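Engineer: Sequence:
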Amino acid sequence: MQKAIIAGALAITMAVIVSFASGEAKMKITSSAFQEGGNIPSKFTCDGGDSSPPLQIAEIPSGAKSLALVVDDPDAPSGLFTHWIVWNISPQTNAIAEGSALKGVQGTNDFGKPDYGGPCPPAGTHRYDI
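Each residue of the sequence shown is one higher than the one before, counting from 1 in our numbering.
Check each hint, because a few of them may be wrong.
What the hints assert, rightly or not - Pairwise CB distance ranges, derived in the manner of DEER restraints:
1) Gly49 - Lys26: 29 to 35 Å
2) Thr30 - Asn88: 30 to 36 Å
3) Pro61 - Lys113: 28 to 34 Å
4) Gln92 - Cys46: 14 to 20 Å
5) Ala64 - Ala97: 18 to 24 Å
Claimed, not checked - Cut-off 27 Å, straight-line C-alpha distance, at most; resulting in silico cross-link-like pairs (DSS-like, lysine-lysine):
6) Lys103 - Lys43
7) Lys26 - Lys103
8) Lys28 - Lys65
9) Lys43 - Lys113
10) Lys43 - Lys28
11) Lys26 - Lys65
12) Lys103 - Lys28
13) Lys113 - Lys103
14) Lys65 - Lys103
If you're looking for bench data, these hints aren't it; they were derived computationally from the structure. For clarity, every value in this text was computed on a predicted model and none was experimentally measured. Note that beta-carbon positions come from the ideal geometry of N, C-alpha and C, so glycine has one too.
Hey, can you work out the whole structure from these sequences and the hints?
Structural biologist: Below, the structure is given as structure tokens:
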């Protein structure tokens, strides 16, 4: 089975929970490129352009000093696989454009790169947590 077909069957779970001393505040992260729990278009995978998807961030807590973004695949055969990690993102950031480099500190993903690395599963359907 071609990776493009497999990548097209991927599902994404998008949820970010930020805890504060006063309780929990839930941020919302969505993408205009696909629906929560839906398929990730191949252009955001290793079969396509491997471009980062556009993201919108809502309900950022007013007391946030900075944001962090971690994109993980909990279904990877070897265990949790990190596709993208960025921290020290301005809390005024409410959108991330498709294919853009985030302003912040880029961590090294499990591909060994300091930027986005799209889904590239060997087989099956995988969930991606943000």
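Engineer: Take the hints in turn and mark each one as holding or not.
Structural biologist: Hint by hint, here is what the structure shows:
Between Gly49 and Lys26 the beta carbon distance is about 31 Å. The supplied range of 29 to 35 Å therefore holds. A hinted range of 30 to 36 Å for the beta carbons of Thr30 and Asn88 is inconsistent with their spacing of about 22 Å. For the pair Pro61 and Lys113, the supplied restraint of 28 to 34 Å holds, since their beta-carbon distance comes to about 30 Å. Evaluation of the 14 to 20 Å hint for Gln92 and Cys46 yields a failure: the beta carbon distance comes to about 32 Å.
The supplied range of 18 to 24 Å is met by Ala64 and Ala97, whose beta-carbon atoms lie about 21 Å from each other. Restraint check for Lys103 and Lys43: satisfied, since their Cα atoms lie roughly 22 Å apart, inside the 27 Å limit. In summary, the hint linking Lys26 to Lys103 is supported, as the alpha carbons are separated by about 22 Å, within the 27 Å threshold. In summary, the hint linking Lys28 to Lys65 is supported, as the alpha carbons are separated by about 17 Å, within the 27 Å threshold.
As the CA atoms of Lys43 and Lys113 are separated by approximately 18 Å, the hinted pair is consistent with the 27 Å bound. Using a Cα cut-off of 27 Å, the hinted pair Lys43 and Lys28 holds, with the two alpha carbons roughly 23 Å apart. This hinted pair checks out: Lys26 and Lys65 have alpha carbons roughly 15 Å apart, not beyond 27 Å. Between the alpha carbons of Lys103 and Lys28 the distance comes to roughly 19 Å, so the proposed pair stays at or under 27 Å and holds.
In summary, the hint linking Lys113 to Lys103 is supported, as the alpha carbons are separated by about 16 Å, within the 27 Å threshold. Straight-line distance between C-alpha atoms of Lys65 and Lys103 comes to about 14 Å, which keeps the hinted pair within the 27 Å bound.
Hint compliance for this structure: hints 2, 4 are not met, and every other hint is.
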